[in-house]
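Participant: For the protein sequence lines, the chains are A and B, in the order given. Take 0 as the starting number for the first sequence in numbering that gives the first Met the number 0 and just add one per residue. Take 0 as the starting number for the second sequence in numbering that gives the first Met the number 0 and just add one per residue.
Bear in mind the hints are in silico, worked out from the structure with no lab data behind them. In this text, a Cβ means the ideal position worked out from N, Cα and C, and glycines have one as well. Among these hints, one or two may not hold up.
[What the hints assert, rightly or not] For each label pair, taking beta carbons as the anchor points, the in silico distance ranges come out as: (1) A:Pro596 with B:Trp32: 49 to 59 Å; (2) A:Leu199 with B:Leu312: 47 to 57 Å; (3) A:Glu611 with B:Ile6: 33 to 43 Å; (4) B:Leu312 with A:Val200: 34 to 44 Å; (5) B:Val172 with A:Arg578: 53 to 63 Å; (6) A:Met484 with B:Lys50: 57 to 67 Å; (7) B:Ser167 with A:Ala172: 52 to 62 Å.
[As the list claims (entries may be wrong)] Covered by chain B, according to a simulated footprint, are these stretches of chain A (three or more residues, beta-carbon under 8 Å): (8) 31-39; (9) 391-399; (10) 550-562; (11) 575-588.
In case you want the letters, here they are:
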Amino acid sequence: MFPEVLPTLLLTLPLLGAFLALVPKGENARVISYLCASISAVSGAIWSLYVLLQGTESYVLPLPSVWGEYAICLDSFGALILLITSLIFASVSMYSLFSREGITARGASLFNLFMLSVVMAMVADHVLLLLVAWETMSLTSFLGVWGNREDKDTSAAWKYLVVTHFGAMLVIASFIFISLESGEVRLSAISGVSSSAGTLVSATLIMMLVMGFGSKLGLLPFHIWMPELYGRAPSAFTALLSSAASNVAVLVLVRAIFGYIGVSDQVTTAMIVMALAAVTALWGALQALVQNDSNRVLAYSSMENMGLILLTLGAAMLFQSYGSSEAAAFAIMAAMFHLISHTVFKSLLLMASGTVRRATGEGNIEKLGGLARTLPALSAVFLVGILAVAALPPFAGFASEWAMFKSLMHAEIITDPAIQMALPLAIATMALATAIASVAYLRLYGFIFMGRPRSQGAACPRPVEINELFPFLPMALLCLLLGVMSLPLLTQLASSVSPLVGLTSVDVVEGWSINMSHMGGLNALGLSIVLAIGILLTFLAVRSLGKRSLARGDTWDCGTQLDARTQYTPTGFSQPLLRVFNKIYDPQTTVSEEPRPSTYIRSVRFQQNLPEIFIDNFYRPLVSGVIFVSTKAKKMQNGSIQTYLAYLMITLIVLLVVLR
Amino acid sequence: MALIDVIITLTEVLFLLALSPLLSGIIRKIKAWIQCRKGPGILQPYRDIWKLLHKGTVMSKEASWLFLLIPYICLGAMLCLAVMMPVFYTGSSNGIGDMVAAIYMLAIFRFMMVLGGLEGGSSFGGMGSSREMMISAIVEPTLLLSIFSVAAISGTTDLSDISRYFASSGASVLSPSLFLAAAAIFISLMAENSRVPFDNPATHLELTMVHEGMLLEYSGRELALMETASYMRLTIFMVILSNIFFPWGIAMDLEAGALVIAIVAIVLKLLLISVAVAVTESLMAKLRLFRLPNLLTISFTLSLLAVMSYYIL
């Protein structure tokens with residue numbers, strides 16, 4: 000009796016919340032609406048824990064059945080992702096309540112519907128249910144980012160809608176094909192379609208799914224909506240898009256590739272996926288480095304992280320093709336671990352960045368600075384998020400990146416020397432992308448929180464109240480816990496993931512993957528303790544020297560007066576790396592001399608434009624090509640009724656000839 | 000973990016902590032000799048640290064709460080790294096001595112030091128930080144790849160196990176990829192520790208400095224901690240080079256004789272690398288900042304070749 004309450008609450012409360020937000024007037028209704036979402040999220044988390052302990056649960060929804068029964072099913076793999084997603088939903092709804100951001104009837108209602116669609120996509124056990132949930136998720140997030148804005152520039156939201164529907168087209172087509180090929184509508188009953196469909200067809204299906212779900216993840220070249228949308232949309236929705244929506248996309252993608260389709264003999268497909276993912280990761284990292292809007296940095300960072308996850312999943316496909324299910328399971332496990340870490344730190348950072356925006360009225364890091372002195376608590380949680388995303392021990396990102404690096408170090412499985420090279424190259428790409436991205440994260444923290452404030456808003460920010468910080472605490476704690484306690488989580492992930500590649504969980508846990516006796520393991524807990532002891536001992540040793548005097552003085556200024564304009568700027572900070580990767584960025588720099596303010600001072604204007612290569616070289620030609628073709632096609636429509644009758648005639652004749 | 004392991008590990012950490020200022024002193028002395036100067040005594044770094052530890056601190060008005068924490072985190076990370084390193088005994092590390100973790104432990108130091116450089120809001124700090132990040136963005140993947148090539152040869156990523164593998168299998172495992180990786184590590188050592196082609200540790204001319212620029216706002220005991228951490232980082236790089244790549248002499252069993260040999264061996268190897276560093280520094284001029292990426296890319300390519308050649312050859 001008890002467990003049935005949980006999915007019921009999980010799926011009905013958001014509906015109630017969406018309804019309550021719209022129908023009665025007044026702020027209380029919206030507060031209740033967010034509370035509905037929170038309670039639903041909490042019951043989702045409890046249900047996931049229950050499933051993790053008790054095993055797969057499955058229910059039939061009381062809906063009129065048209066095409067089979069509409070069932071939902073939660074296995075332990077989905078439960079792990081649902082658990083973390085529920086926690087994020089609870090945090091974000093608390094954040095929305097306390098920060099008073101998006102407290103509109105529309106926002107609250109869309110939040111609930113978005114949450115329902117995300118949860119439904121994760122637990123759906125019917126093709127139609129999954130596809131409807133996926134589409135609802137796209138639409139509600141589109142409305143969520145479109146409706147809540149003050150300015151009327153809606154191009155970012157429209158880009159999102161177009162790209163996401165191109166993806167949806169691929170997803171829908173491939174799922175219908177999978178369903179028809181297997182003759183099943185229940186997803187849990189489909190497995191290994193590739194054995195009947197053949198290698199080429201399944202390769203096409205895999206590529207379609209990677210592209211389709213990749214459109215949500217920012218896979219190249221579908222990433223163009225991300226930076227613009229993140230830069231403009233309300234931070235609650237961006238946090239959800241980068242965490243919850245990505246979780247659904249990766250979860251369903253992994254289930255589809257390794258479960259429904261099944262990977263056998265897909266070396267070329269795996270290589271294409273890996274190459275695409277590697278370029279995505281590098282591109283995301285390089286772009287994150289030069290953005291000046293805090294949310295755009297985080298958008299490109301999502302792109303980078305999703306690239307790394309897809310790279311690892313590509314490696315899993317490679318291992319599976321060479322018959323090592325253990326290595327494949329390990330790689331999937333590492334990718335899912337990184338997905339979970341990413342969910343936590345990225346939503347923390349996006350929400351904290353939203354708080355910075357509201358406190359200062361500025362999102363441009365060129366105009367910020369010095370906030371660590373005025374908002375120390377906010378800077379501390381932000382720093383935790385930054386350390387986690389920059390993969391520094393002992394935080395979450397480190398543990399998951401460690402696992403991903405480890406998963407790529409199994410080149411000996413691959414017998415073909417030419418393809419073996421893919422793995423060292425993947426490691427090199429991953430290392431380069433993470434190293435560049437960590438510069439971007441450091442720049443983000445350093446120029447928001449350190450130095451002198453560069454604008455009025457940054458100089459006297461609105462104080463951040465204690466309840467606004469409350470939603471950050473569980474996530475900051477999770478950032479630390481996921482890193483320190485990574486071994487139990489990896490153990491759980493391994494047993495959840497292994498059925499996907501046809502292993503019993505015992506194989507992976509008892510075998511080399513978890514103990515990692517194969518390549519040497521990581522004792523994250525021990526490492527964290529040693530690090531803490533190291534810091535503590537240093538502190539105690541220095542303290543034993545006795546008290547010292549601590550004076551506050553001016554920064555060393557060489558005798559000149561320092562002000563906000565004499566500091567390094569974020570643009571200047573990334574110049575050396577920009578020059579190193581000059582060929583890739585291709586910056587257009589103009590330096591022009593302005594009229595001299597006085598005889599002794601020269602005034603120079605520096606302007607740098609970084610071209611958007613993918614928009615200029617891919618989308619613009621595409622759009623103008625489409626417009627060219629449709630202009631030509633328009634000539635057919637000349638408005639005269641005789642012409643249309645002639646068209647009818649010709650069509651009829653052609654049909655008669657063809658279908659006779 | 001047995002008590003004896005703990006004792007040995009602690010001895011190793013104290014050994015590195017105690018020895019690292021001396022190595023920097025020796026490098027300075029050798030450089031002074033080559034330049035026909037007398038130079039300060041090799042114990043000068045100890046005197047500097049001691050003096051700084053007993054001085055008061057002046058902290059910038061612009062600095063935040065993190066500023067005073069950074070030196071403790073940096074030195075703490077280096078102490079933790081010293082625990083991870085096999086110095087004279089390749090005992091079990093119980094999963095602590097993982098090579099990827101070791102590289103990320105170096106990243107903590109760098110990340111924190113660069114943040115410290117941004118604290119004061121001065122252009123020197125920003126300049127040093129910005130340049131350091133350019134160097135590190137290429138050095139970090141180089142380090143990972145070159146240690147990965149060693150891991151691929153030995154079949155493990157545990158530093159102690161790698162060391163044990165090479166020490167026990169002798170000259171038969173010497174392969175081109177090992178030397179390529181060692182060369183890449185040596186270039187990374189010079190880059191990460193602000194040595195001459197990359198940075199001049201002796202300079203205080205603002206426009207040429209990287210490392211000193213970031214430390215400009217530190218004074219008193221905080222500066223002492225940062226300097227100690229930097230000395231330790233140099234020593235740990237030398238330990239990586241000597242005990243991961245060429246670990247001959249390291250003790251594989253807990254016997255008094257083997258341990259004595261191991262201590263003598265590591266001291267000799269560290270001295271040898273110090274001489275190599277000093278000579279390299281004296282023979283080269285500091286490169287222009289935007290020539291550095293060429294050298295760094297060479298080391299990155301070397302490390303990539305190291306991995307590739309392991310699989311091809």
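Participant: The structure should be examined with respect to each hint, and the outcome stated for every one.
Facilitator: Evaluated hints:
1. Restraint check, proline 596 (chain A) to tryptophan 32 (chain B): a C-beta distance of roughly 52 Å satisfies the suggested window 49 to 59 Å.
2. Separated by about 35 Å at the C-beta atoms, leucine 199 (chain A) and leucine 312 (chain B) break the suggested range of 47 to 57 Å.
3. Judged by the Cβ atoms, the range 33 to 43 Å given for glutamate 611 (chain A) and isoleucine 6 (chain B) is violated: they are separated by roughly 60 Å.
4. At about 39 Å, the beta-carbon gap between leucine 312 (chain B) and valine 200 (chain A) stays in the expected band of 34 to 44 Å.
5. Checked against the hint of 53 to 63 Å, the C-beta distance between valine 172 (chain B) and arginine 578 (chain A) comes to roughly 40 Å, which is inconsistent with it.
6. Between methionine 484 (chain A) and lysine 50 (chain B) the beta carbon distance is about 43 Å. The supplied range of 57 to 67 Å is therefore violated.
7. Against the hinted window of 52 to 62 Å, the Cβ-Cβ separation of serine 167 (chain B) and alanine 172 (chain A) comes to about 57 Å, which satisfies the hint.
8. For the stretch 31-39 of chain A, the stated coverage by chain B is violated: 0 residues have a C-beta nearer than 8 Å to a C-beta of that chain, whereas at least 3 were required.
9. Judged by the Cβ-Cβ criterion of 8 Å, the stretch 391-399 of chain A is covered by chain B as claimed, because 3 of its residues qualify and three suffice.
10. Proximity of the stretch 550-562 of chain A to chain B, defined as three or more residues with a beta carbon under 8 Å from a beta carbon of that chain, is established by the 9 residues found.
11. Coverage of the stretch 575-588 of chain A by chain B holds [criterion: at least 3 residues with CB-CB distance below 8 Å; count 4].
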